[in-house]
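Asks: What follows is each chain in one-letter form.
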Amino acid sequence: MDIAPPPIAQAAAAPPQIEVAGLTKLYGDFTAVNDLSFTVRAGEVIGLVGPNGAGKTTTLRCLAGIIPPTRGHVRIGGFDLARQPIEAKRRLAFFSDEPRLFEYLTVSQHLTFVARIYGVADYRDIGRRLLEELEIADKADKLPGELSRGMKQKLAIACGLLHSPQVIFFDEPLTGLDPIGIRRMKDSILKRARNGAAILISSHLLHLLEEVCSHVLILKDGRKVIDGSLEDVRTRFSQQAGGGNLEDAFFRATGETKGEA
Amino acid sequence: MIAGALFYCQYHSWLNRLAARVRRLRQPKYLAGAVVGGLYVYFYLFHGFRPGHAGVAPPSKLALPPEMHDLPQTLAALVLMILLLLAWILPHSRAALAFSEAEIAFLFPAPISRRSLIHFKLLKSQTAILFSALIITLIRRAWGGGPFLTRALGFWVGMSVFNLHLLGSSFALTMLMDRGISTWKRRGIILGAAAAAAGWLFLWTRHSLPPFPGLPDPGGFAVLLGYIGRVLDSGPLPFLLTPFRMVVAPYFAADWRQFLIALGPALAIILLHYAWVMRSNVAFEEASVELSRKLAERMAAARAGNWQAARRPKKAARQPFELRPAGHPAMAVLWKNLISAGQYVTGRIWFMLLWVVAVAGGILHSASSHGGVGGGVGVGVMFLVVMLLAMSLFSGPQMLRNDLRQDLRVADVLKMFPMRGWQIVLGEVLTPAAILAGAQWLLILCGAMLCPGQLYHHAITPQARLSAALALAVLLPFIDLIALLIPNAAVLFFPAWFQLGKDVPRGFETMGQQLILMFGQLLALLLGLAPAGIAFTLVFMAGSLVHWPLAGLVLGAFAAAAILAVEAGLGIHLLGGVFERFDVSGEVL
Chain A
1 MDIAPPPIAQ AAAAPPQIEV AGLTKLYGDF TAVNDLSFTV RAGEVIGLVG
51 PNGAGKTTTL RCLAGIIPPT RGHVRIGGFD LARQPIEAKR RLAFFSDEPR
101 LFEYLTVSQH LTFVARIYGV ADYRDIGRRL LEELEIADKA DKLPGELSRG
151 MKQKLAIACG LLHSPQVIFF DEPLTGLDPI GIRRMKDSIL KRARNGAAIL
201 ISSHLLHLLE EVCSHVLILK DGRKVIDGSL EDVRTRFSQQ AGGGNLEDAF
251 FRATGETKGE A
Chain B
1001 MIAGALFYCQ YHSWLNRLAA RVRRLRQPKY LAGAVVGGLY VYFYLFHGFR
1051 PGHAGVAPPS KLALPPEMHD LPQTLAALVL MILLLLAWIL PHSRAALAFS
1101 EAEIAFLFPA PISRRSLIHF KLLKSQTAIL FSALIITLIR RAWGGGPFLT
1151 RALGFWVGMS VFNLHLLGSS FALTMLMDRG ISTWKRRGII LGAAAAAAGW
1201 LFLWTRHSLP PFPGLPDPGG FAVLLGYIGR VLDSGPLPFL LTPFRMVVAP
1251 YFAADWRQFL IALGPALAII LLHYAWVMRS NVAFEEASVE LSRKLAERMA
1301 AARAGNWQAA RRPKKAARQP FELRPAGHPA MAVLWKNLIS AGQYVTGRIW
1351 FMLLWVVAVA GGILHSASSH GGVGGGVGVG VMFLVVMLLA MSLFSGPQML
1401 RNDLRQDLRV ADVLKMFPMR GWQIVLGEVL TPAAILAGAQ WLLILCGAML
1451 CPGQLYHHAI TPQARLSAAL ALAVLLPFID LIALLIPNAA VLFFPAWFQL
1501 GKDVPRGFET MGQQLILMFG QLLALLLGLA PAGIAFTLVF MAGSLVHWPL
1551 AGLVLGAFAA AAILAVEAGL GIHLLGGVFE RFDVSGEVL
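So the protein lines, in turn, are chains A and B.
The numbering used here numbers the first residue of the first sequence as 1 and each following residue consecutively.
The numbering used here numbers the first residue of the second sequence as 1001 and each following residue consecutively.
Next up, chain A with everything else stripped away, as it sits in the complex (with noise of 0.2 angstroms):
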């Protein structure tokens, strides 16, 4: 089955979801996203690339409200991060690469309480269907030690799913995952973006990015190198040395060769 990417003519007439205004982060001296600027548009989904320490999770962690920003402001779904965190967070979700699980609480009760965070009024229908979707529906009383690591992701996902969110931030998401669960992940991606969803996916498997994304943004150093649709992208690269393809275009946008790689 091939995955159409989501129509790109269609999301750049929506309302932008995720707005990113000079957002900088600083550890000391160090300087580890400098001064990043982007947008991302309802049913767009966005490839986060870079070499290791470029401050791609740091960048995530910021717009998920996880870590405070230095400099910068983050808009999700139209409200500013630092000046209204409840209601940007209730239109968000971030799913990083280490499934992050209460390890009293079982599945079913992993539901039940973000249900009540969000207040999700409908949980058990929607819990129950996305717990079939992910095939984990015969494991609603386990808790996660008793899960595998892909078992734990899924059910990582169904939390972060259950409130439908409108902005979704992918932090590696095909890390554990089977092959089967990789393709329903894929599918899965691609039907939030088309239902509306604006999906921001950070991965160093760059051919789940050309499957999914209709948009990238590389990052080195902390700083954007260049971002634009896929096509653009490639297009820009393969002017300048004929290469056609998401890998060539990382590697001469950051300057890096595959052999060195």
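Source of the hints: derived by calculation from the structure; they are not laboratory data.
Hints may contain errors.
Stated by the list, open to error - Only part of the chain A face toward chain B is listed, based on derived beta-carbon distances under 8 angstroms:
(1) ARG61
(2) THR112
(3) GLY119
(4) LEU143
Claimed, not checked - Calculated from the model, a selection of chain A residues having no Cβ within reach of chain B, i.e. all distances over 10 angstroms:
(5) THR39
(6) PRO85
(7) ARG90
(8) ASP97
(9) ALA115
(10) LEU131
(11) GLY176
(12) PRO179
(13) ILE182
(14) SER188
(15) HIS207
(16) LEU208
(17) VAL225
(18) ARG236
Even for Gly, the Cβ is constructed at its ideal location relative to N, Cα and C.
Got chain A sorted already, so can you dock chain B onto it with the hints?
Replies: Frame of chain A, contents of chain B only:
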């Protein structure tokens, strides 16, 4: 060659750890901790080495008469025998050597023989045993008594035998399992043999020694000791205890000459154990991998200050109440943490609690019956209630850690929730506060119901009983709340001192930090309770002046509770703001 590589790994790991600890003294928090910790250790352990005290051990308070000179050694041998016997009874899983996860990853796939791995493990454990022996001997010296070096070496000998025996017995038990002898069958055989030996000893004692002197009166402790000494020194027991006495003999040597004489047989026993362990050919790798994983999890949790989470929940706990999707989000945090706390309320805990209450109640009842205070069971219960209430106030907030002390490790998850900081803090501290308040109300109810009508020849009217119970019931939950907010504030203000990460510092610095934190929290608690204490005193005195002391008691409790409630509200809002600004990247992860 392999031994060289393993030694290199150990030596450089130790050196790097030491260098890292020295480097981090540049940070004020570690320097302050090191100074305080160092001073504490100096005054606690080395005080006796100062000029004027050098080499002079204070006399032991439990000096034994000359004819019982050997009793401590014999008792130590008996304890060692029982411990080693337990090593053959208790274990129920296959032999496993505790390696670190890194050691498993690097050493197990490497071309290293099983013998080399055991050697490596023995070498590592010897270092730890020697260090423990030095520390324990120092502590013991601080209590008073004994030549230091021979005691330390003697302790090392005893611990080495114990360690080697545990290893050898675990290998032997694994071999028994492989030959189809189940754990219960093996326990039955060993316990049967032990019971037969004990029975034989009992019969011999009955026929050969004068009758047991009965429970001695308070002044007759020596009679009991003397009888025990006779049992241990005559008949079959001395023969049974001989090898164990040989192991502990170096520790009890009075001087170097005695020590060297005792060391020979003890070293021979060590060598025999070593040969036994090395000749055992048991596959321990698979069980070791599992053990190492569990140890790593427990250590990470325990070092994070969360001793409860050091034990991974085995089965799901029931939810305390049904959580509806609509309502205050802080209740979700309370619900979650109550489930977490429920994991540890097992049947075993209830059994232990009942046992403690029954024993303590019996002792207190006996004491109160003989003390002439009157009231019988009621007085015993009253003492027990007061004791447990005091314990809940002082130890409860430190023991119940189902709050930010547990959850700061998942601060990144909490910070993603659409909740204000104060809502999260409120939900977090409500859990231990609710558990403590529930337990305290139960105790107050018991105390009020079983309180005697007369105590120390003073009549206690039902009104007095009710007023005191009401005052306590109103006041204690708010004191709990303040007592719980303080450690939670400490976690947020000084997260690096609370050991939240996996790579956690140890040593004098950490001990010093803990001491500073402990005294800081105590001071904060006293300051926090002072206004409420003043208010209570004033209202109570006013009530007493107008001859309504009971009304003064209750009203004073309400006034104090109101002040504590305002303080708690302000504290929760303050901590909420701190939590919102809390940068998990800089502090926790």
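Asks: Each hint needs a verdict: does it hold in this structure or not?
Replies: Cross-check of the supplied hints:
The interface hint given for A:ARG61 is met, as the beta carbon of that residue sits about 7 angstroms from the closest beta carbon of chain B, less than 8 angstroms. The interface hint given for A:THR112 holds, since its Cβ lies 5 angstroms from the closest Cβ of chain B, which is under the 8 angstroms cut-off. The beta carbon of A:GLY119 comes within 6 angstroms of a beta carbon in chain B, closer than 8 angstroms, and the hint placing it at the interface holds. Hint on A:LEU143 holds. Least Cβ distance to chain B is approximately 6 angstroms, under the 8 angstroms limit.
For A:THR39, the non-interface assignment is confirmed: its Cβ lies about 22 angstroms from the closest Cβ of chain B, beyond the 10 angstroms cut-off. For A:PRO85, the requirement that its beta carbon stay farther than 10 angstroms from each beta carbon of chain B is not met, with the minimum near 7 angstroms. Residue placement check: A:ARG90 does not keep its beta carbon more than 10 angstroms from all beta carbons of chain B (closest about 4 angstroms). A cut-off of 10 angstroms between C-beta atoms confirms that A:ASP97 is not in contact with chain B; the least separation is 12 angstroms.
A:ALA115, annotated as away from the interface, has a beta carbon of chain B within 10 angstroms; the closest lies near 4 angstroms. Interface exclusion of A:LEU131 from chain B stands, the closest Cβ pair being 16 angstroms apart, more than 10 angstroms. In this structure A:GLY176 is separated from chain B by more than 10 angstroms, as the shortest Cβ-Cβ distance comes to about 17 angstroms. Its beta-carbon lying about 26 angstroms from the closest one in chain B, A:PRO179 satisfies the requirement of being farther than 10 angstroms from that chain.
Non-interface call for A:ILE182 relative to chain B: holds, since the shortest CB-CB distance, roughly 24 angstroms, exceeds 10 angstroms. Residue placement check: A:SER188 keeps its beta carbon more than 10 angstroms from all beta carbons of chain B (closest about 20 angstroms). Here A:HIS207 stays apart from chain B, with its beta-carbon at least about 29 angstroms from theirs, past the 10 angstroms limit. No Cβ of chain B approaches the Cβ of A:LEU208 within 10 angstroms, the least distance being about 24 angstroms, so the stated non-interface status holds.
The Cβ of A:VAL225 sits about 23 angstroms from the closest Cβ of chain B, beyond the 10 angstroms cut-off, so the non-interface label holds. At roughly 33 angstroms, the least C-beta separation between A:ARG236 and chain B is larger than 10 angstroms, which holds for a residue marked as non-interface.
In this structure, the hints that do not hold are numbers 6, 7, 9, in rising order.
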